[in-house]
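Asker: Chains L and F, in that order, give the protein sequences.
Numbering of the first sequence is given in the working numbering, commencing with residue 919 and proceeding in unit increments.
Numbering of the second sequence is given in the working numbering, commencing with residue 89 and proceeding in unit increments.
Quick caveat, the hints were computed from the structure, so don't treat them as lab data.
None of these values were measured; they are calculated from a predicted model.
Any given hint might turn out to be false.
Below, computed lysine-lysine pairings styled on DSS-like, alpha-carbon distance capped at 30 Å [unchecked claim]:
hint, chain 1, residue 1, chain 2, residue 2
1, L, Lys1023, F, Lys145
2, L, Lys976, F, Lys145
3, F, Lys145, F, Lys99
Letter by letter, the chains look like this.
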Amino acid sequence: AQSVTQLGSHVSVSEGALVLLRCNYSSSVPPYLFWYVQYPNQGLQLLLKYTSAATLVKGINGFEAEFKKSETSFHLTKPSAHMSDAAEYFCAVTPSGYSTLTFGKGTMLLVSP
Amino acid sequence: GAGVSQSPSNKVTEKGKDVELRCDPISGHTALYWYRQRLGQGLEFLIYFQGNSAPDKSGLPSDRFSAERTGESVSTLTIQRTQQEDSAVYLCASSPLAEQYFGPGTRLTVT
């Protein structure tokens, strides 16, 4: 069985500051991991994915995430926050290519000027 | 190219009525998923279709919920005798392999 824990339902940063959104997972097999972003009143958009290749994954909009097996983590980072990054972010895990995703509860990123 | 589309975008219905939600996946995607997202909460898996295999219905919350998919195309999610707790955004996603591509969702409000 898989599970995802996102620490912090809300994270507040100032524009230009580092963004760090935490995700820890549990999986009985090597996982596929994903980060999705959801802007208000929209569906989810894929930011990046880890599928057992390079452990540092670069995504859209300047985001990246690092898979750390020893820490069972897949934290999302961005060096400098923009106002347009304000949204809800979801981490998700699946044990294989053909399987349902298990989502975390989401982290709302708030960016202040 | 065209993404996943869902209709209607908004649906208001009276308690006890049946509703039908539609999802048009990306062409060629063999897998299709339905999720429910209640206000302020994460995504709750409902049902999963993969090709011609029997669907995984393990997430359906009650027998009032059902879904169908015709081949590898359109899917409909039906909720019978709607209840107020069914109010949520219903998201559909399609997938060629691992990553899922989401539609904009249908916001269902049961009054």
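Asker: Which numbered hints turn out to be false for this structure?
Answerer: 2
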